[in-house]
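*Asks:* Using the numbering used here, read the sequence shown as starting at 1 and increasing by one per residue.
Take the hints with a grain of salt, since some may be wrong.
What the hints assert, rightly or not - As a list, the in silico EDC-like pairs of lysine to aspartate or glutamate whose alpha-carbon atoms are at most 20 Å apart:
hint : residue 1 : residue 2
1    : LYS181    : GLU192
2    : LYS164    : ASP180
3    : LYS140    : GLU116
4    : LYS282    : GLU159
5    : LYS257    : GLU167
6    : LYS137    : GLU167
7    : LYS257    : GLU159
Keep in mind the hints are simulated off the structure, nothing from the lab. Keep in mind the model is a prediction, meaning the values are calculated, not measured.
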Amino acid sequence: MNWQQLEYFKTVAETQNFTSAANLLSVTQPALSKAISKLEEELNVPLFEKNGRNIKLTRFGSMFLIHANAAINEISKGIQELQDIINPMAGTVSMSSLYTIGTHFIPSIISEFLKESPNTKFEFGIQSTFNILKGLKDGKFDFGFYDEFEDIKRYEEIESVPIKNEELVLIVPKNHHLADKTEVFLKGLKEESFVFFSEGIKGKMCSIFESIGFVPKTSIEYNESSMVVTGFVSAGLGISIVPNTPNLITEEVSVLKIKEPNCYRTVHMGWLKNGYMTPSAKIFKDFVIEASSKIDI
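Please build the complete structure, drawing on both the sequences and the hints.
*Replies:* Here it is in structure tokens:
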């Protein structure tokens, strides 16, 4: 049984005449009759019976028509969805990112992109770096957005490009001895305990701290959510270094600039190197790479 047989069966059922159906389908009547006979043999039931000069559905044919219509509709819907996805002007782009990237940068870049491609649809989720990279390898979405981190070299299947630098700042509890300051030198934090919110930032900052002579004390490992880290810091469980983004909650913590050395995190966009990329996804990728160097997002 194939798509063509179902289409033939549906058309014959609607016209109740082989000649009319053959004309609509642009096939010869013998070819149409043979296709229907083959379908009846496969189903082992008669689908049509004579009705004067025309034909009509048998009881079995009426039953099968319901399912044939449903199958044809579903397949047609699937074909249309695929065409929509690969349509460069009205496709679908799927992505996942870290929380701190997804709450500000992603909405901004999508907003800018939609000004040029208003019919594009987006599918978006928030995940950890590990799950983002795993999702890319498994082909679950087109793009991932995450921090830089040393182990990225282990993911040879993923193409990863830097698209944005974000300033890192220090956050401390409101009752901390540094809370009334506006800036700080990292070398003055040797005795502090830290809460690191992402593996990428932890690795980067540990390298910076080692370069100035000490290894930071870590009270809590990364959680990849600045909201959770802010809660830990406000509760006095440590201080933290986080991206200075608009969604940074400052009611319960004080934010200090890092005067020296210069600290920032690099946001990366990644995709599967040899994976299929729809035209709309390619257009979005090129837009992000170009826009990230021109637009303040």
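*Asks:* Does the alpha-carbon distance linking LYS181 and GLU192 stay inside the 20 Å limit?
*Replies:* holds, 16 Å
*Asks:* Are LYS137 and GLU167 close enough, with their CA atoms no more than 20 Å apart?
*Replies:* violated, 29 Å
*Asks:* Holds or violated: LYS257 with GLU159, Cα cutoff 20 Å?
*Replies:* Not satisfied, since the Cα-Cα distance of roughly 33 Å exceeds 20 Å.
*Asks:* Please verify whether LYS257 and GLU167 have alpha carbons no more than 20 Å apart.
*Replies:* It holds: about 9 Å lies between the C-alpha atoms, which stays within 20 Å.
*Asks:* Regarding the pair LYS164 and ASP180, is the alpha-carbon distance no greater than 20 Å?
*Replies:* Outside the cut-off at roughly 30 Å; violated.
*Asks:* Does the structure keep LYS140 and GLU116 at a Cα separation of 20 Å or less?
*Replies:* violated, 26 Å
*Asks:* Between the alpha carbons of LYS282 and GLU159, is the straight-line distance 20 Å or under?
*Replies:* Holds. LYS282 to GLU159 sits at ~13 Å (cutoff 20 Å).
Hint compliance for this structure: hints 2, 3, 6, 7 are not met, and every other hint is.
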